[in-house]
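These protein sequences, in sequence, are chains U and C. Using the numbering used here, the first residue of the first sequence is number 1, and each one after it goes up by one. Using the numbering used here, the first residue of the second sequence is number 1, and each one after it goes up by one.
Honestly, the hints are just simulated from the structure, not real lab data. A hint or two may mislead.
[To be verified] Rough simulated footprint, nothing fancy, chain U against chain C, three-plus residues with beta-carbon under 8 Å: (1) 43–51; (2) 59–72; (3) 94–100; (4) 112–119; (5) 141–150.
Where a beta carbon is used, it is the ideal one built from N, C-alpha and C, also for glycine.
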Amino acid sequence: MIAEIGHYALVLALALALFQAVVPLVGARLGDLTLMQTAPATALAQFAFVALSFAALVACYVTSDFSVANVYENSHSLMPLIYKMTSVWGNHEGSMLLWVLILALFGAAVAVFGRNLPDALRADALAVQAWIATAFYLFILLTSNPFLRLADAPFEGRDLNPILQDIGLAVHPPLLYLGYVGFSIAFSFAAAALIEGRLDAAWARWVRPWTLAAWMALTLGIAMGSYWAYYELGWGGWWFWDPVENASLMPWLAGTALLHSAVVMEKREALKVWTVLLAILAFSLSLIGTFLVRSGVLTSVHTFASDPSRGVFILAILVVFIGGSLMLYAWRAPLLKQGGLFAPISREGALVFNNLFLTTACATVFVGTLYPLALEALTGEKISVGAPFFNLTFIPLFVPILMAMPIGPLLSWKRGDLYAAAQRLIAAAALALIGVAATFALMGVKAVLAPFGIGLALFVMAGALTDIVERAALRSVGPAIAARRALGLPRSAWGTAFAHFGLGVTLLGVVCETTWNSERIVAMKPGEATSVAGYELTFDGLLPRTGPNFREVVARFTVRQGGTPVAVLEPSKRTFSARTMTTTEAALLTRGASQLYVSLGDSNPDGSLAARIYYKPLVLLIWLGAVVMVLGGALSLSDRRLRIGAPKRARAVPAAPLPAE
Amino acid sequence: MLRLMRILIALLALGAPALAVQPDEMLQDPALEARARALSRELRCMVCQNQSIDDSDAPLARDLRLLVRDRLRAGDSDQQVIDFLVARYGDFVLLKPPFTWHTMLLWLTPLLVLAAGGAGLLRLARARRAAAHPPAPLTETEQRRISDLTG
């Protein structure tokens, strides 16, 4: 009964979405306020029904109702409650339901928080949201229905893939989807602006908080996924340039570019046409990401062709939305008037520079990810594009961005003074040089990449602080007044500083981990010891343990430093009986931001056990940096101008274009 | 206790996937082993999704790791090992595709996009500057009106 309620609620949500896709749009064209105002109400109702549908699926999982095929395939009655709930989105059908739930959530949020939007813009944007929703409801109902019943209900479920039975899965997909789907708001607003043919600074001000919120979720989601892979997959890597990872990185790069170009549009009415294109691209890449992960096209072009129903459906969604929005763009964008002029050396110029390199980096990841598929489809030739390719192309594109990052915020709008900005960065540059020198001293003159990386990270971090120090005029007014001034700075300034600082922190972590990571791969018998990076690990022996739905063999290691025991590490191997799958659970010892990492390998006939032991210096900075970036986003989101909202557009006549400098 | 240990060890071996590089695969000579590891990171495990043989748990990856080490022990240079594997498995085994006619577009993407973007910006800046040029000098009638007004 519960499953049927969920199914029915989803069908009703589809009906509401169809209504919302047409009526408000017609209203906006006719100038009929009543029709336009149906949009927020339908959006709220739609959210209520999708939420009901989702709640129904959760209920099926929590009660282990194995007569529902989806629950039978992906759950087990002995699983802990938290995993019963998270396995709702640990499979294709359920994750698509989560996707539409978040889409409806954003639609409802626009309905609630968008009261100060012009009626026509809100009606158009919500109608576009409803088109997207309609496409995905149809996709779920026609090809991926999670509510299908089994004729004979089995006694026990087939369990969730053990790798997914982890707290990482509870958080990672919802965050990622909040990011992906959040960009749909920017997309809908872009389409609405193109339909209306009107685009101004106020538009950028409305779109920016939504983009920022989506970007924050995506940043956290990617970081979370990276940390999860790091501790769950057992060989200590944190980024693999895997197509699935690339699928989430592309919208992030486009979204980051969008955040920056929207600033220019908001402050200076420039880059309008470009910002709209980025809004379309960011969400298009999110759709492509969903397609890549969900259609099975990545595993092989052939698996895709052998079961095409889902893949072709998503492909059709891609063609309609990406193709349609780009056509709309090509048709309407030339009508939009360009705004303020600026010199190449200016805040705008710096942001354009940022956009150029971010977009190129995004294009590189895009081509690198899809090239093997395209080549195989066209010529049948199989090639691989992996980490070595991306490291070689992506990193050189990111270095200029990082080098320019501290300079940008120090330049003034319209026309900046590069020399003055450079002068203000002397302290940061000096710090960077000290870092370079220290690294050379530590590693000898042969090392090139590590000293440069450390220097760059320090420059980015110190550079981010420079802006705050300069704006508070620390040097001329003394610390007490400067502190008060710094606190009085707009929160968006602090947001920029935090976000840029966070990227520096991540970079520092990446460089330290890749340069000074030490590794021991050894076969050990009980009682034997090995040492890595000053830690001595003794293998005490094995012990069995039983979990709720698995059995595990735990290896005990005593960790000593200078002879004194500091910790006991217990990496293990778990065997899940329902799927007869084994997972490796690494054990981590965190000291400061560094980690000691132990994971188990095979046992040998002579009674020894293989272990992989890593010492990863400052590895946690990689993810802490992402958290700092998100904190920056949150500060920026709480900025007064976004909290209070844009004043209503009172100007009846379009404002005269700003005079050129 | 000893028996329990044996059972546990047997349990571990049972169905457990071999995890990336194993101690028994590694070469005695650290310099040779370091070369083998560096090479492994550039080679793809063909049955996995874009994983290098250094990371992969698959039996095929293990075979390839052993093969790489055998070749190195036989005195092959890094390039010879790669050539040997490419001859056997094709370019598919390389995680960094070679620069050929078919991969040219892939390798040149960053440069092309950057150049196209830069050129576009330059053109835009020129067009804007041209549009923003000082207005045309006043016509005779306008001059006359000004002199009329200023008397």
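### Task
Compare the structure with the hints numbered earlier in the document and write down the numbers of the violated ones, lowest to highest.
2, 5
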